[in-house]
Each structure stands twice: as structure tokens, then as C-alpha cells.
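J.: Protein sequence lines, in the order shown, are assigned to chains S and V. 105 is the number that the numbering used here gives to position 88 of the first sequence; each next residue is one higher, with no gaps. 525 is the number that the numbering used here gives to position 508 of the second sequence; each next residue is one higher, with no gaps.
Everything labelled a hint here was simulated from the structure, so no lab data went into it. Each residue gets a CB set at the ideal place from its N, CA and C atoms; glycine is no exception. Please note that the accuracy of each hint is not assured.
Per the computed footprint, the stretches of chain S lying under chain V, defined by three or more beta-carbons under 8 Å from a beta-carbon of chain V, are [said to hold, decoys possible]:
#1 178–188
#2 241–252
#3 356–370
#4 403–410
Incomplete in silico selection of chain V near chain S, CB under 10 Å [unchecked claim]:
#5 Leu-53
#6 Ala-91
#7 Ile-203
#8 His-354
#9 Asp-361
#10 Leu-362
#11 Arg-366
#12 Ser-552
Below, simulated SDA-like cross-link-like pairs (lysine to any residue); rule was C-alpha separation at most 20 Å, straight line [unchecked claim]:
#13 S:Lys-415 / S:Val-379
#14 S:Lys-356 / S:Arg-190
#15 V:Lys-438 / V:Tyr-365
#16 V:Lys-163 / S:Val-379
#17 S:Lys-189 / S:Pro-237
#18 V:Lys-522 / S:Tyr-86
#19 V:Lys-163 / S:Tyr-86
#20 V:Lys-263 / V:Glu-315
#21 S:Lys-154 / V:Gly-167
#22 V:Lys-522 / S:Asp-361
#23 V:Lys-111 / S:Val-95
#24 S:Lys-403 / V:Gly-42
#25 V:Lys-163 / S:Val-95
#26 V:Lys-163 / S:Thr-165
#27 S:Lys-280 / S:Val-292
#28 V:Lys-60 / S:Leu-64
#29 S:Lys-403 / V:Tyr-41
#30 S:Lys-60 / V:Tyr-515
#31 V:Lys-567 / V:Gly-589
#32 V:Lys-163 / S:Arg-211
Protein chains: 2
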Amino acid sequence: MDKAEKVMNLAVRRGFFWPAYEIYGGVAGMYVWGPLGVVLKNKIIGLWRAMFIESHDFLEIESPAIAPYVVFEASGHVGSFKDIMVSCRDCGRKFRADTLLVEKGIEVSEAASLEEVDSIIRENKVRCPVCGGVFGKSSYFTTMFKTTIGPYSESVGFLRPETAQGMFVEFKRIYESFRRRFPIGIAQIGRGFRNEISPRQGPIRLREFDMMELEYFFDPENSDCPYLEEVLDEELNLLHEELIRKGGKDYETMTVREALENKVIKNGCMAYFMVLATRFIELLGIPRENQRFKEKLEGERAHYAIQTFDQEVKLDRWGWVEVSGHANRTDYDLSSHIKMSGRDLYAYRQLDKPREVEVLEVTPLPKKIRRDYGDKIRDIMRDLSKIEAEELKSLLLKNGFIEVAGVKLSKEYFDIKKYVKQVTVEPFIPHVVEPSFGLDRIAYAVLEYAYREVNDRVVLSLPPYLAPYDVSVYPLVEDDKLLEIAEDIRDSLAADGYRVLYDTKESIGRRYARADEIGVPIAVTVDHRTLEDDSVTVRDRDTWRQYRIKRDEVSRFIDLVIQGYGFDEVAGDMGLESFVSKE
Amino acid sequence: MDKAEKVMNLAVRRGFFWPAYEIYGGVAGMYVWGPLGVVLKNKIIGLWRAMFIESHDFLEIESPAIAPYVVFEASGHVGSFKDIMVSCRDCGRKFRADTLLVEKGIEVSEAASLEEVDSIIRENKVRCPVCGGVFGKSSYFTTMFKTTIGPYSESVGFLRPETAQGMFVEFKRIYESFRRRFPIGIAQIGRGFRNEISPRQGPIRLREFDMMELEYFFDPENSDCPYLEEVLDEELNLLHEELIRKGGKDYETMTVREALENKVIKNGCMAYFMVLATRFIELLGIPRENQRFKEKLEGERAHYAIQTFDQEVKLDRWGWVEVSGHANRTDYDLSSHIKMSGRDLYAYRQLDKPREVEVLEVTPLPKKIRRDYGDKIRDIMRDLSKIEAEELKSLLLKNGFIEVAGVKLSKEYFDIKKYVKQVTVEPFIPHVVEPSFGLDRIAYAVLEYAYREVNDRVVLSLPPYLAPYDVSVYPLVEDDKLLEIAEDIRDSLAADGYRVLYDTKESIGRRYARADEIGVPIAVTVDHRTLEDDSVTVRDRDTWRQYRIKRDEVSRFIDLVIQGYGFDEVAGDMGLESFVSKE
Chain S
18 MDKAEKVMNL AVRRGFFWPA YEIYGGVAGM YVWGPLGVVL KNKIIGLWRA
68 MFIESHDFLE IESPAIAPYV VFEASGHVGS FKDIMVSCRD CGRKFRADTL
118 LVEKGIEVSE AASLEEVDSI IRENKVRCPV CGGVFGKSSY FTTMFKTTIG
168 PYSESVGFLR PETAQGMFVE FKRIYESFRR RFPIGIAQIG RGFRNEISPR
218 QGPIRLREFD MMELEYFFDP ENSDCPYLEE VLDEELNLLH EELIRKGGKD
268 YETMTVREAL ENKVIKNGCM AYFMVLATRF IELLGIPREN QRFKEKLEGE
318 RAHYAIQTFD QEVKLDRWGW VEVSGHANRT DYDLSSHIKM SGRDLYAYRQ
368 LDKPREVEVL EVTPLPKKIR RDYGDKIRDI MRDLSKIEAE ELKSLLLKNG
418 FIEVAGVKLS KEYFDIKKYV KQVTVEPFIP HVVEPSFGLD RIAYAVLEYA
468 YREVNDRVVL SLPPYLAPYD VSVYPLVEDD KLLEIAEDIR DSLAADGYRV
518 LYDTKESIGR RYARADEIGV PIAVTVDHRT LEDDSVTVRD RDTWRQYRIK
568 RDEVSRFIDL VIQGYGFDEV AGDMGLESFV SKE
Chain V
18 MDKAEKVMNL AVRRGFFWPA YEIYGGVAGM YVWGPLGVVL KNKIIGLWRA
68 MFIESHDFLE IESPAIAPYV VFEASGHVGS FKDIMVSCRD CGRKFRADTL
118 LVEKGIEVSE AASLEEVDSI IRENKVRCPV CGGVFGKSSY FTTMFKTTIG
168 PYSESVGFLR PETAQGMFVE FKRIYESFRR RFPIGIAQIG RGFRNEISPR
218 QGPIRLREFD MMELEYFFDP ENSDCPYLEE VLDEELNLLH EELIRKGGKD
268 YETMTVREAL ENKVIKNGCM AYFMVLATRF IELLGIPREN QRFKEKLEGE
318 RAHYAIQTFD QEVKLDRWGW VEVSGHANRT DYDLSSHIKM SGRDLYAYRQ
368 LDKPREVEVL EVTPLPKKIR RDYGDKIRDI MRDLSKIEAE ELKSLLLKNG
418 FIEVAGVKLS KEYFDIKKYV KQVTVEPFIP HVVEPSFGLD RIAYAVLEYA
468 YREVNDRVVL SLPPYLAPYD VSVYPLVEDD KLLEIAEDIR DSLAADGYRV
518 LYDTKESIGR RYARADEIGV PIAVTVDHRT LEDDSVTVRD RDTWRQYRIK
568 RDEVSRFIDL VIQGYGFDEV AGDMGLESFV SKE
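Produce the entire structure from the sequences given, and follow the hints as far as they go.
T.: Laid out in C-alpha cells, this is it:
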């Protein structure tokens, strides 16, 4: 049994996560987060929100998971968000081509075309792994879930494969309602959906997953990152393009300063978010040496990015696995939506000194229009009001007329003014760098890194601030007096805001073992001495060491341990008497 | 402008919520929660989680939003979750029949059939409200979003219209991983989807929305509610079936005790959750007299419920609007999934004394099977292993044989044993009562109830614990010394965990007004006296009264106000000097 299997067994047995819809045979790529898993996920979200959103005063939104076709047409996903699929001519089974080939030990580039895939399959005589049949020609499969919005079949929608488009499509509203604050970070935490062809990597490749995404909008003419100073000397593990091209397999460690000076990372804020991502994943219990940023090469990158690093962590079964992506999306998305929607998604830049610009103003002349087209005046005016000013100008100047309400209205029906104006601001399309995290993979990785076995027992050494319960409380035995005190302690710790596990059944050893297995960092036990001197024991999940402590000091003790101070360190500082455990 | 319009204007202007995809003309029934709205929603979720989940030690899960067809086939949604739709023969526009008729002032029962709707339309000569055309025959429209899971077109899935099925389908896993804790409450907070035909009530009728749902599983033979005692004397506003049948329009107020004694509410825990729901909505700022529980009559209820009360709140434009539903779902869902999946979704009840039960055991005899069907033995054994024991027994006893791997295997190939066994537990199918809340509607209602106008200014009198910022901090004027202190206070309050709004631009009056409009309960202002005696002013959003307070007491002051103590009360208790405001 490898570690992944052990972690998954634990997860199912204790209610962290399990495959969804098991009673109906399951659906590949869909998992349920159980009661312990939901607490873990929410704690990870809390940390991310504090580090990525709140500490910068960034803004968080929630947009719909379903978007109309046009959104993903504009964003380029309809054209680019697809995998190559091959179908067996005999049994009809369908496979994702790259996965199939990699499993046969055949390297295939993410940028391979249909023809290339077909010829690789032909040359290597790759057959159907289930029935041995021959494959037909490969084809593209759009990996977005498709649906219909409302009762009209032509109204196609997709489930979002990323939350990011919400931030782009709604950018202008947010920009305006926050008084044009700029640069501005807009984040979203929510469900994403990818219709994978045949996902088979357990909780690592899901069709439904939670994402934590941040779009940082900045002015390309002033791309200095305001947060950079603080991280210039911090190190990053980079498997960057140059290293990869030289055949390097291992990452290289360099400071942010070096990475920027050598143009390994081309944007300051991108480097800053990569540092935050490293710290974040480290806080979750995954050491830096098991983290790296792998650069995506031309052709491997998503269609919207000019530079991308995948933050990867080393997992036992699956090797290096992406937990976050760091992309420089430039103005790709906003520009695409401006083009497709014809709407203004610009930000405004304050000019150092006023500038003169030529202005062209076109105003319809209602009196003249009424004179010649009296019966249609209302329709004409209504239609004119629907045309964007810029479009009206360009059509009128190009064609000499504009067609509205079935009438060709020539230039003479408009007042056309040209003049020079002084402006102090100018519009521009913001650029964007995006750190984007996959929450489910991260939560899985946290469990794998916390998983240990000690004397055939499982101990989940989660960072105390991630544990599903902060503390467990036990009466040593089921004695009425001890029960009363234990319940009292349970209630008072719950009132202090801690999540308390309370358990009275079976031997104390088995109860400790059960709590260790789900990572409860501290056990508080009420024993007979409690009746004498109001002291209880506190037990360390990781070392099984115990100390005696006064009841009224327990809450402070827990607080310090959850903040991340070491158990023994806190016990030492508080002058606690250590206690010989019988485990 | 009615209040709804004013609230929506405020919501859009300041970033609480707005219609999604506006740059593409919008999609009816889809909204974005902006930066302030997300904070409000998360605070409401926090309160709900504390009241409904944590205080009972219930369990929270997260299951996928997409489910395979079979789940909603079993749950009855494929058959029942539909609206009657009519299409205009001329323009092709489609309408939800009941909405169309209600708008014409024609009453129509939720239980009306297609034929009844057609005849109502005929008799009342109802025409298309857009083009005046005649309607064709009405038809059913399934109001679930449909999609395909993976590359096989026959693999149909739906987006969940309720999160509840997750709790039913995964019930057994949770029950087992929490050591058969019972009764047990399982909750989920997450996105739900309803493909409304033509939603037109702004944020009230959405195609995508967040739900907070709790399924409380209990033993029907021991349905006493363990939480009931505490709420017996609490009052509920009930517009119950008997009242409705008598033509009553107003609710009747009675205690839980009376409601249960008179069988107005038929389940104790359902009454308990209705009390919690009343307290919850009251805590959100909606007074009890504007809340009621309206019973759904036979034919109006969802297909799974034997009794349902809708908790409604009175809104300005839309009248009484449902914010939560309280349904007694009995064992409907678990039974349906047991039937459809053939799996064991039972709980176990401890018997008072051991009971004797007849056991029938059927075991295949491989040697005998091999002797007669040697070449097919593997297929036969494999197929047999797939048949549930109960099914095997009943088929064998009914037909005298079972057909597997193309072979009719008669009884003689099995060892059939009948004996009597003592059991101390017995299986049963749990019953369920469900309180289910619609988060978006609740958040909207909170804003509407908080909305006030004072001297032409908008003040959002949110309960302080729901405000998007806990406190605002201002320097009176942009003076370097004042700025420095204000920034210092901002940072130290943020470090204490408060959400702080910091604003230095424009006159102090305009800054107060901007903060009042989004409901910030406390303003802290640094003025010239601060330089002398280290005191600042605190200003009450609702009364505009101000007090002077020492800097180091500000954090405690905020803490008390956010807990819900009155501003003047806290100021009085702390002995603060009141201060004449110039507003």
C-alpha cells in the first residue's frame, strides 16, 4: 500500500473525503468533502484569504458558475479549452490522448496537433488498453460542461473552468464602485468545473473543484510592484525555461532580486505572489524543498498567458503536482471582452501634465430629422441612443450615413464638431497577473504531508491551526464526578471559540489514538487528581508527552499552541510539570 | 422609486450586488455579489453555522453540484421538478404559466394540470404580453440545468436544485465514519441551480443561488426532539392549513407547545428549527412581526414532503417572500435511494432486549457448479457476487432458479439454511426534517430592512455584526501628524482582527456619509485634540452622536458594539464624554 492509498483510506474511514455517488457506482473525478474535510478546507481558505486578500485590502467577489456562451467565446476558452481524445473503434471507449500515451511511456508535447497524435499512435502501434482494439482518428473534446440557460435551446451556457472570467467581465463595476482604486486586486473563491475525458487520479484530477483565484490589475506603463521591497531577498525554487531547455530536471534556488534581474520572472508582482504562495504552502506543512515553480514553455501555456509558472509540490504517488498557477495574462482578457461586447472596460491613468487631444463630437439634430422623417422620429431616436458614441462616429465617417429604424440617415442630420481639449486622465486597458490555487489538491497534499505512522498507529501531524478540532477533552474513566468536570471544560472551551472533540467511551489509550489519527493537537484529560487540585493533563499529539496544568490555564495554553508555538515550548514557558504517560 | 429600487441602486453603486454579465446584455436570474456583498453573505453564513450546526455538534459536508441522472431520478426530481410553460405561437416567446396568469390577476393553484392551465388561458383569453399572439398548448419544462458528464452523450447529469441529495446519497458514509452517532444532523452550504423559465424578480428569483441546508435524521419510533424543552414557550407566527382553509390571510401567533398539542406542527424538531429560524432572521434585523410561517397545502408541497412551512418575510415590492422552507421529508429520500441503488442506507436501533429473528442464508456451492458448468464457473461466480444477498434469496425462492452468465442455476446449487438468531440491534430507515435557507434572498432582505433615509442621505442600519466594515478610521483633515496617528490606529485595529475602512479624501462630512451608506457602525476620527490628550472621537452611524474616547479604549468599545450592545449604552458604561457633532 503506498502512502496515497493509506491517506485515502484514512480520509474515507474518518470522514475527510471520499468518492462521490458510491451507492450508484461512483462518478470519476467527483469527490465529497466530509465533516472533517470541510473544516480543513475552511481553515485553508481562511489562511489564503488573510494572506492574499485581506493583507492587501483586495476585494472579493462571487459570480455565477454558469456563463453564457459569449463569455467563453470572448475569453478564448471555446476555441482553446480542449483535450485531444481518441476512441476505440471496437469497444467505443474514449481516452484522453496524452494520458494514454504517457501511460505507455511515450512522451507527447502539450502542444501536439491532432495529426501528430495520430501519427504517434500509428507509429507506436498503440491499442485500446481495455479491449485491444484499434483507435480511430483523434478529435478535440471541449472540456467545459455545456448546458442550456432557460427554455430556448440556442441559449447555450458553460460551467466555468476558472472563476477568473467573473473578475474580468465585472471589472468595470467593481472599479467604479470602489472609486477607481488602482492598482486593484479582485479575488474569488468558488467552484470550478472541467469536463475531463476520463479522470483517474483520485482527488488530484477532479471534474468539480474549488479554486482560490486573484486577478491583480495594474497599469502596464507603471508596472512596479508596491509589495516587492519586502520579498526581494526571499528565495524561490525555480525550474525555469532556460534550465528546462538545457535539460535540467531539478529546480534552482535564487532570490527574487536575482530572478527579476535575470528576467527569469518578468513581472515584479508575479514574483511577489510566488513568494506569498511559497510561504502559504509552507504554512500548510509542506516544506520549501518539496515545492518548486515549473515554467510552462511556449505551446504548453494557456492561450491567455505570456509567462506562467506552475507551483508544484512533490507527492508520494503522483510526483510533482500543480497546486497553483501563476500567469501573466497581460490585457488579453479585458481586451477580448472589450472587443466582443463593445463596452468600455478601461481604467484611467492620471497624467503628469494635461495633454491636448482632438475631440470629435457628433450630435443628432432632432428638428431636422423630424422635418424629413416625422413619422419615424421616435424609432430613430431610440435606435440612435442604443449605438455607442464611438461606433456612431466611425460608421458615419466611414459610410457618410447611418442606418437606423430602416432609414439611411446621412451626415447632414448631425452636428459634427471637431475641437481640441485638455485632458488630465487617459484611458488604458489594465494588465493582469494571476495567482490561482486549486483548493482540493492542496487539502489532499496537506493530509499526505501530515500523515505519519508511529508503532503501527496513524498520527496526522497537521499544523495545529489546520486541525479539524482544536482540542479533545476526556474524562479518564466514565465516573460521574470526572464526567461532570470534563463536560464543564468542554463547554467552557467551546464558549472560548474552540472546536472541541468530546469522547467518553472506551479506554483512554484508544481515545487518544482516535484523536491522533485525525490530527487533534491537544488532549485534555480529567483524572482523579483533578478532584484534588483542579489540575488536568494536556497531551501532545506528536510526542505523546503530557503535562499537568491548572484548569483555568488550559484555554491560554491551547491558544498559544494553535498560534503555532511548540507544545513543549509553551509548557516550559508556563512552567508546567511534565507527566509520565503510559502509552 | 420604490424601496426595492432604492436598495438595488445602492447595492449596485456601492458594490453589494448587481446583475451579472451586464456587458453582454445580462442573463436573467444571475447576479454577482460584489466585495461588500461577499462580506455580508459570509457573516450571515457564520451566524447560521453557529446557530444551526455548531451549537448542536452537527456535521457539515460539501458534495458536488453536478449529479448523475440516476440521483435525481431516484429523488423524484426528474419526474416532479418542473414548471408549466406556454409558448406564443406568433413570436415564439415562452412564459411560466403561473407567473403569466398571476400577473393578469388570475389565481392558479400550484397543483394545476396542463389541461387546467390550457382551459384557464382559453377562458380568460390570455394573450402573449409581448406581441399579443395566441398561446399553443402548455407543456412541462424541467427546471434543472442539464449537462453531459464526460465524453459519452448518454451520461446525462443535472446541476443540483438543492444540496440535500448530497446528504442522502452520502448518508451511510457519514453515519459510519462518525461511529453511528444518532440522531444526526448533516448540513451543507453551497450553490444550487434552477433553470427558471423567465425569472424577473431581481435578486429574489435566481437561477443560481446559495443555500444553507440541514437534514436532521431521526428514528421514527423515537421522534422526541432532544432540543424541544428550551423552546416550548417561544412563539411562532403561523399561517397554518386550518387558517388558510378558513380563508384567513393573517398569521396566528401561538407557542410551540400549543402548535404541537394542536397538531398544527406535527414534528417536534421541525418546530424547534422553526424557532431557531425565527431567531436567526430576527438577529439579521428583520422583526418577528414581519416574519411568518405559511403552510403549504396538499398539492403545493414538494413531492417529498408530508408537511411543509415556508418561512416568509415581508418585503416592500414583492410582499411575503420565502426565505426558508421547513419540510418533513419522512424517509422518502433514503427509501428512494435504497430502492434505486439496492444499497444499504439503514441506521441501527439498539433494542431494549435481544430479539429472535429468523435468518435465511443462501450460499452457492462452487464444487457442484464446477461439476456441471465447469467452463462457465468464473463468470457464474463473478455474476453471483454482484447480486445483493436479499435479491438472490427472493429470486431463488420465487422462481426456484437464478439466471447468471446465461445459465439458469436452480436451487440445488445453493446451500440454503434457515435458523433463528438473537439480535440486539435492528436496521431502520431514518426520517428527516429539513430546514433549508436561501442565502441570496436573506441577504437582500437584510439590506432592505437596514435601508433608511435621513435628511436625503442613505443610512444602512445593519446590525453591527453584519456590517461590511466593523469600523472606519479618519484623520479629520489631511495633516501629516493626524495622518500618522490615524494610520497607526487603522493598523492596530486591523491587527485586533477588525475590518477597517480607511479614508482620507474629501470633507469629514462626506466621508461619514459614505460610510453610513454602507452601514459601518462606528467612525473613529483623529482630530487636533488627539495631539494633546491622545483621545479620538467615536461616532454612531444611526444617531450621528459622538463621544470622546482614549485611543487605547477604542478596541474594547468596538468589540462591545459589534457584540450588539447599544452605542450610547457602551459609551455610558465607559463614562465617555459626549461631543457635539456639526452634521
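J.: Need the list of violated hint numbers for this structure, in ascending order.
T.: The structure conflicts with hints 2, 4, 11, 12, 16, 18, 22, 23, although it agrees with all the remaining ones.
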